[in-house]
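Novice: Protein chains in written order, with numbering that gives the first Met the number 0: chain A, 0 to 325; chain B, 0 to 288; chain C, 0 to 319.
Since the hints were made in silico from the structure, they are not lab data. Glycine residues also receive a C-beta, built at the ideal position from the N, C-alpha and C atoms. Warning: the hint list may mix true and false statements.
[Unchecked claim] For the chain B half of the interface with chain C, some residues (derived, Cβ under 10 angstroms), not all of them: (1) 182; (2) 186; (3) 229; (4) 233.
[As the list claims (entries may be wrong)] With a straight-line Cα cutoff of 20 angstroms, these simulated EDC-like cross-link-like pairs (lysine to aspartate or glutamate) come out: (5) B:23 to A:18; (6) B:23 to A:60; (7) C:195 to C:58; (8) A:239 to A:18; (9) C:195 to C:149; (10) A:92 to A:173; (11) C:266 to A:18; (12) C:78 to B:191; (13) C:266 to A:145; (14) C:245 to A:173; (15) C:245 to A:259; (16) B:117 to C:58; (17) A:271 to C:132; (18) B:22 to A:19.
One letter stands for each residue in the lines below.
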Amino acid sequence: MSEKILDIKDLSIRYVTEEETVLAVNGISFSLDKGESIGLVGETGAGKTTTALGIMGLVPDPPGEITSGTIEFEGENLLEYPEKKMREIRGGKISMIFQDPMTSLNPVMPVGDQIREVVLLHNNVSKAEARSRAEEMLEQVGIPKERYDDYPHQFSGGMKQRVIIAIALACSPELLIADEPTTALDVTIQAQVLQLMKALRTQYQTSMILITHDLGVVAKICDKVAVVYAGQIIESGTLKDIYTNKQHPYTIGLFNSLPDIEHETSELKVIKGLVPDPSNLPKGCKFNPRCPYCTPECCENEVEMTALSDTHSVRCIHVGEFDREA
Amino acid sequence: MAKKTRDKNQHHSMVGEVWHQFKKNRNAVIGLIVLCIFIIIAVFAPVIAPYGYDDQDATHTKIAPCREYPFGTDNLGRDVLSRIIHGSRYSLMIGFLAVTISIIAGGILGVLAAFYPKLDNIIMRTMDLFMAIPQMLLAMCIVAALGSSLFNLMLAVGLSSTPQFARVVRASVLSTRGQEYVEAARAIGGSDFNVIVRHIIPNSLAPLIVQATLSMARAIISASALSFLGFGIQAPKPEWGAMLSAGRKYIRQCWWLTVIPGLAIMVVVYALNVVGDGLRDSLDPRLKK
Amino acid sequence: MAEILRVEELTKYFNTKNGLLHAVDGVTFSVEEGKTLGIVGESGCGKSTLGRVILHLHERTSGKILFNGEDISEVNAQKLHALRKDMQIIFQDPYASLNPRMTVGNIIAEPLKNYKLTKSKEESEKKVREMMDIVGLADRTYNLYPHELDGGRRQRIGIARALILDPKLVVCDEPVSALDVSIQAQVLNLLMELQKDRGLTYLFITHNLSVVKHISDDITVMYLGQMVEKAESNEIFRHQYHPYTKALISAIPVPKYNAPDNQIILKGEITSPINVGKSCRFAARCPYAKENCFNTEPVLEEVTKDHFVKCHYVKEINGF
Chain A
0 MSEKILDIKD LSIRYVTEEE TVLAVNGISF SLDKGESIGL VGETGAGKTT TALGIMGLVP
60 DPPGEITSGT IEFEGENLLE YPEKKMREIR GGKISMIFQD PMTSLNPVMP VGDQIREVVL
120 LHNNVSKAEA RSRAEEMLEQ VGIPKERYDD YPHQFSGGMK QRVIIAIALA CSPELLIADE
180 PTTALDVTIQ AQVLQLMKAL RTQYQTSMIL ITHDLGVVAK ICDKVAVVYA GQIIESGTLK
240 DIYTNKQHPY TIGLFNSLPD IEHETSELKV IKGLVPDPSN LPKGCKFNPR CPYCTPECCE
300 NEVEMTALSD THSVRCIHVG EFDREA
Chain B
0 MAKKTRDKNQ HHSMVGEVWH QFKKNRNAVI GLIVLCIFII IAVFAPVIAP YGYDDQDATH
60 TKIAPCREYP FGTDNLGRDV LSRIIHGSRY SLMIGFLAVT ISIIAGGILG VLAAFYPKLD
120 NIIMRTMDLF MAIPQMLLAM CIVAALGSSL FNLMLAVGLS STPQFARVVR ASVLSTRGQE
180 YVEAARAIGG SDFNVIVRHI IPNSLAPLIV QATLSMARAI ISASALSFLG FGIQAPKPEW
240 GAMLSAGRKY IRQCWWLTVI PGLAIMVVVY ALNVVGDGLR DSLDPRLKK
Chain C
0 MAEILRVEEL TKYFNTKNGL LHAVDGVTFS VEEGKTLGIV GESGCGKSTL GRVILHLHER
60 TSGKILFNGE DISEVNAQKL HALRKDMQII FQDPYASLNP RMTVGNIIAE PLKNYKLTKS
120 KEESEKKVRE MMDIVGLADR TYNLYPHELD GGRRQRIGIA RALILDPKLV VCDEPVSALD
180 VSIQAQVLNL LMELQKDRGL TYLFITHNLS VVKHISDDIT VMYLGQMVEK AESNEIFRHQ
240 YHPYTKALIS AIPVPKYNAP DNQIILKGEI TSPINVGKSC RFAARCPYAK ENCFNTEPVL
300 EEVTKDHFVK CHYVKEINGF
């Protein structure tokens, strides 16, 4: 067994405003070994990004508040860290890539300097050393170092996302959180960026949390998968567990609603209904209003995770009772 | 990040939403109340005021504020309180009508400039030309040319701030015009007029409303300044700026003749400004949660 | 089946500060009534512009547009008004394409007003409610504002607004790309159902290849304003002959465990189609490019039956 780098237990985060209380994350637990990568898959509003912000200590407070749980990073609970210590960790040991490459860069600062700034902040090095490190990072993500002094608007979307990856990896973080890193990119560019991320991750032995709604992207670069629905993990396991032996009705529905590129289908199987309003979650299993196998028991009590194997667990009381292909 | 879906039965109109945001801003609400009080005073001035604005009493001149005359009397023995109350009519009316003039003139010019590229350059360069002239000077020229009367004063103040309105409206319309729903409106067979009136104007109003509130404050100051300089309303009409000007001679003996009208101008202008700020914040969709 | 839309050598250039932008450059295709033509390409390939030029939301630079056999390349305002009744568009962004100050009912009723199709308010309201039912919008949403609804429902408003005039041709400009996976499937099914019931013809513009395969009869692949490959939908997924199409299809991440990794990773990125010269526009990124590709522009030619490819070396690359 390799060492555990991140261990999240029972994390709950909510947003309280005058009108309503939004239960964004409701008891999420997962752990990550060194060098491992996990994909958090789910739809808009499932609580994926909030979980990531929780780990980074960036949940806006108010209106956000962490109501329970621990986030252990290298054996220490991040939630007990003072802000000053968190600032050192952010961008240093843990860094994050945001979804939109167009807005994550400072438009009035040369891209090279933006990488150098991160290096200077987290390492005790001279400006010249930091610059050469930044140039090295640019080359690593496939941008010639001659472009160090160019501004973000002189780069295309894919190039900007590369710069952001360079910034995120500049301090050789232990943990990289990537929030929809390729969603804003075109397919052929996405393929380039994914290949780059995969290569760099192997090289740096970085652990990664990939947040996405795209099951194809997860299949390409993750070792483990956690399917998130209404702020809970409803199924988790290795890539193989989830892709070849999915058990939760939501996971099954999610896969079925993708148009298959290899086979012909006349009509897509859809999950009826909508993602529940996080300020007004259903009682019992959060998926019950949309579930084709829902029984009265499903609407009564909270459903706990059931372990199917060492790696695979599901949050469903009827697991194995229904025909998964139907 | 959780996108909040609202309670589906709740009905949210634009006005309702703006008010909801607006009332969170305490200063702005106070400003609005002050403004409402002044409007009520202006409407019912003859009823509220203890004396007429030109009732002279030669036996009671230059009396300092006391119980009988809360704001004192002036050199002709006129009650300052009554004059301030009557004067609120002029100040508010000038502010309101001058801004209406600039909204209409600036609005039309701005919409035309934004919608028809051929007119854009002609209109906007002319506006730039006007903006190069100090506003006060421009207003003075207009009054000097047309003669000093209440209407000409409003016209002068209104026209001199027209270029700002034209710019605000043009910018706002330009950004609305690029929205997809405007293209959609054309795709479903809407005429130019229909698109402008139903889709562009309602969605371009927010910055205009803010500009209008803030301009009203400026218009009141300009009008007062013009009156102070003798270009505006003439004695004995109790315009606040004119009162200030008249009291200037007695500033050493009778401070209240200048301080009171000055305070009145300040309070109204301040109220308008905080209301304008509040409106700007509540109309800005980016600040909505 | 009758041909409903035909475009010939359609071009649209935009004047920019840096020169002529060839957004759409010599595109020719036709669509039969009741069918779906998928137009695929990455951002900046001109696919959205193409749809808008056909609807006269942008005016074309040159070329011909024929609708029901009639030349509509140049129309006056009156004719355009009449034409738009038959040609509608569904937009990508259900947030931006609905006027935030209008209620759902008013948005869907607007086309009826523009064409004075209903005599009374009651009649119009009845029609709107019927249409809402057809696209699956609950009756109680009639008086709500768009921002009170989620993306899927908003897109249904856009669909209802486009279909209430009973158009023949609908341009769908990325209608599902802003939606979540499970909602995307619901909307795709709705679109296909409506096509069956009403005999609609779709021009389906998207960057998502799995979606386009699912819904289209024929597929056209665009690159920098030009068509590079065109064939029947299943055919193009079985055999891609153009190097760009090959890369595009191989780049789709497959949601399967241990999917074979035979991706073709292209070098470089899409450049902007400003001041393009006489060359194959894909040459700079093409793994097979030879000197000739940089000097002469290839033509779109039929390689196998009904399968068109625009490449000099299509035979060598694919070993015909």
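Novice: Of all the hints numbered above, which does this structure not satisfy? Sort the numbers upward.
Specialist: Violated: hints 3, 4, 7, 8, 9, 11 and 14.
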